[in-house]
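In case you want the letters, here they are:
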Amino acid sequence: MSAVTDAAPAPAPGNAVGRSVRDSLIVARRNLIRMSRIPEMLIFGLIQPIMFVVLFTYVFGGSMKIGASTSALDYKNFLMAGIFAQTVTFATAGAGAGIADDMHKGLIDRFRSLPMARGAVLTGRTLADLVQTALTVLVLAIVALLVGWRTGSDGDTNPGRVLAAFGLLLLLGYAFTWIGALIGLSVRTPEAATSGGLVWLFPVTFLSNAFVDTANMTPWLRHIAEWNPFSATVQAARVLFANPGQSASGAWPMQHPVWASLIYSVLIVVVFRTLAVRKYRSATA
Amino acid sequence: MPGAIYAEGLVKTFGDVRALDGVDLDVPEGTVLGLLGPNGAGKTTTVRCLTTLLRPDSGKAVVAGVDVLRHPDAVRRSIGLSGQFAAVDEYLTGRENLQMVGQLYQMRAKAAKARAAELLEQFHLADAADRPAKTYSGGMRRRLDLAAALVVSPPVMFMDEPTTGLDPRNRQQLWEVIKQLVSGGTTLLLTTQYLEEADHLAHDIAVVDHGRVIAQGTSDQLKARTGGERVEVVVQDRERIATAAEVLRNLGKGETTVEEHTRRLTVPVSGGAKLLAEIIRELDTRGIGIDDIGLRRPTLDDVFLSLTGHAAESADQDRSEAPHQQKERNGKEAVK
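Respectively, the protein sequence lines represent chains A and B.
Just so we're aligned: 48 in my numbering is position 48 of the first sequence, and the numbers increase by one with no gaps anywhere.
In my numbering, each number is its position in the second sequence, counted from 1, plus 285.
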C-alpha cells in the first residue's frame with residue numbers, strides 16, 4: 001500500500017509560471033471565442049456608457065458647475081474621465097456572470113479535474129474581459145470625440161500621457177473583474193452574479209469625483225469621495241488627459257492620483273485574486 | 286496491491302448532512318465498477334472526492350497508484366471525468382471544446398488538434414464538429430462530454446450518471462461507446478440510478494445508500510442474496526384469487542404474496558420453466574382465467590429492495606409507498 005502511495009509522481013511538464021501563462025491564455029482564448037459568438041453582450045455593454053455620455057452631456061451639461069466655469073463644453077471634458085472609469089468597472093458584472101455560468105454548467109468541475117494551473121480559469125476569464133473592456137473603451141472614445149470631448153482642453157498633454165491614462169483605466173477595470181470573479185464564485189446563479197456585480201458599483205462610482213466636483217459635497221462625503229479608489233483613477237485620467245475639474249484637494253490620492261490609482265488597482269488585484277483563487281480551489285457547483 | 290481506484294473510509298459532511306459515512310472501494314485495473322444508489326446516496330460525492338474536486342474530511346483514496354489527497358495534480362493527469370451535466374462550452378464548437386481540453390491536459394496545440402479530429406470521428410460527431418455545441422442534441426452533447434473526458438486516453442475514468450436524462454436510443458448508443466472503451470483496458474467507475482445500466486456495463490456493483498457501501502459483488506452474487514426466482518400471476522377474476530393462492534401455495538416454495546387490487550399473486554419457486562408450466566396447467570384445470578403470468582428472476586431492483594428496505598428509484602420521492610409497487614418489470618420473462 002504505502003509503496004504505491006509514496007512513489008513520487010512525475011513532475012508536471014514545463015515550469016510552473018510558463019504553464020500558468022499558457023493555461024491562462026488557452027482559457028482567455030476560449031472566453032474570447034465565446035464573446036465573439038454572443039455579440040449582443042458587447043453591444044449592450046456599449047449602449048449604456050454611450051447613453052450616459054449623451055444624457056449627462058446634454059441634460060446635466062448646462063447646469064453643472066465645474067470649478068469657476070459653467071459652460072457645457074467644460075462639463076463634457078470633465079465628464080469623460082468619469083464615464084470611462086465607470087465603464088471599465090462594469091466589466092465586473094460580466095466576469096462574475098461568466099464564472100457563475102461556468103460553475104452552474106459544470107464547466108468549472110471539468111476544469112478542476114484537469115491537470116492545469118489553478119488560477120488559470122479565472123485569469124483567463126479576466127484577461128478576456130480586459131480585451132472586451134478595451135474594445136468598449138475604444139468605441140466610447142470615438143463617441144466622446146464625436147460629441148466634442150478633447151484632450152488637452154485644460155493644459156498640455158501628449159499621446160504618451162493619453163495612452164497612460166487609458167492604461168490606468170484598463171488596469172482599474174482589470175482589478176474590478178477580480179472582484180467580479182469572487183462574486184461569481186460565491187453566488188448560486190449567473191443572474192445573481194450580474195445583479196450582485198452591479199448593485200454596489202453605483203454607490204462606488206457615484207460617491208466619487210466622476211460626475212460632480214467634490215468641492216460641492218458636504219465635508220464628510222467629500223472625504224469619502226476623495227479617498228475612494230475609483231476617484232483616484234478618475235483624477236489620474238483627468239490629469240493625464242489635461243481635462244478640467246481636477247480636484248484641488250489636500251487628500252493624498254487627489255494630489256498623487258497616478259500613483260494612488262496604480263497602488264489601489266494593484267492592491268485590489270492582489271487581494272481579490274488571492275481570495276478568488278482560494279475560493280475556486282474549493283468551489284462546488 | 287490496491288486496485289486502480291481504491292478508497293478506504295471516505296467521510297464527507299456538509300453541515301449536518303453526512304454525505305459519505307465511510308466509503309470503501311477497490312476497483313481492480315481494467316474492470317468496471319458500477320456505483321448504484323438512489324439520489325442523495327453519496328454517489329456523486331464519492332466521485333468528486335476521487336477526482337480531486339472535493340476533499341474528504343477523512344479517509345484515504347488512491348487513484349492510478351497515486352494518493353489523491355497528497356498529489357491531486359498527478360491524479361488529474363491520469364483520470365478522465367464525465368459528469369452528470371454535459372460540461373462542454375455551448376458557444377464553442379465540438380472541435381474547439383476538445384482542442385481546449387487537450388491543451389489543458391498539457392498537450393501541444395498540434396497534437397490536441399489531431400486528437401480532437403480523431404475523437405469527433407470516433408464519436409460520430411464529425412459532421413457537427415464545427416457547429417457550436419449549443420446546436421447539439423442531448424445525446425450529442427453527452428457524447429462530446431465523454432469524448433472530452435477521453436482526450437488523453439486516461440487509464441482511469443469516472444462517469445457520473447452518464448445516461449441520466451437520455452432517451453432509450455441514445456442510452457443504448459452511449460452504452461456501446463462505454464463498452465468499447467472498457468474493452469480497451471480502461472478502469473471505469475460509473476455511477477447510476479439505473480439498475481439495468483449497472484447490470485449491463487459493470488463487472489462489479491457496489492450498492493450505496495446513506496453514504497455507505499451496503500453491498501458489493503457481481504450482479505449474480507447480489508441477485509443470489511435476494512433468493513431465487515418467483516412466479517407472478519395476474520388472475521382475471523378477483524373472486525378466484527383465493528383459489529389461485531392455494532395453487533401457488535401448493536406448488537411454490539415459500540410465502541405467497543397477494544395484491545388484491547391488481548389481482549397479482551407472487552410466490553418464490555424453484556424449478557424454472559417446468560414449474561411454471563405446471564402452475565399454468567393447474568390454474569387451467571381449476572378454470573382460473575389468467576391475464577398475465579411469468580417467471581421472474583430477481584432484478585437489481587429486488588436486490589436494492591432487500592438490502593435497503595426501499596426501492597432504488599423512488600427512494601427520494603416516497604419511502605412510505607409499498608415497495609412492491611415500484612418493481613421494474615424487466616426481469617420478467619413473459620409466457621403467453
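These are computed hints drawn from the structure, not numbers from a lab.
Here a beta-carbon is modelled for each residue, glycine too, at the ideal position from N, C-alpha and C.
Just to be clear, a hint being listed does not mean it is correct.
[Claimed, not checked] Incomplete in silico selection of chain A near chain B, CB under 8 Å:
id, residue
1, Arg30
2, Arg37
3, Arg112
4, Arg150
5, Asp213
6, Arg222
7, Ile224
[Stated by the list, open to error] Derived lysine-lysine pairs resembling DSS-like cross-links, with alpha carbons at most 30 Å apart:
id, chain 1, residue 1, chain 2, residue 2
8, B, Lys419, A, Lys279
9, A, Lys279, B, Lys559
10, A, Lys105, B, Lys559
11, B, Lys345, B, Lys395
12, B, Lys538, A, Lys105
13, B, Lys538, B, Lys559
14, B, Lys419, B, Lys464
15, B, Lys398, B, Lys345
16, B, Lys395, B, Lys419
17, B, Lys419, B, Lys398
18, A, Lys279, B, Lys538
19, B, Lys419, A, Lys105
20, A, Lys279, A, Lys105
Hints versus structure:
no.	hint	in the structure
1	Arg30	5 Å, holds
2	Arg37	5 Å, holds
3	Arg112	5 Å, holds
4	Arg150	40 Å, violated
5	Asp213	44 Å, violated
6	Arg222	46 Å, violated
7	Ile224	39 Å, violated
8	Lys419/B <-> Lys279/A	29 Å, holds
9	Lys279/A <-> Lys559/B	65 Å, violated
10	Lys105/A <-> Lys559/B	54 Å, violated
11	Lys345/B <-> Lys395/B	38 Å, violated
12	Lys538/B <-> Lys105/A	53 Å, violated
13	Lys538/B <-> Lys559/B	14 Å, holds
14	Lys419/B <-> Lys464/B	27 Å, holds
15	Lys398/B <-> Lys345/B	37 Å, violated
16	Lys395/B <-> Lys419/B	25 Å, holds
17	Lys419/B <-> Lys398/B	21 Å, holds
18	Lys279/A <-> Lys538/B	60 Å, violated
19	Lys419/B <-> Lys105/A	12 Å, holds
20	Lys279/A <-> Lys105/A	18 Å, holds
Hint check: violations occur at hints 4, 5, 6, 7, 9, 10, 11, 12, 15, 18; the rest are consistent with the structure.
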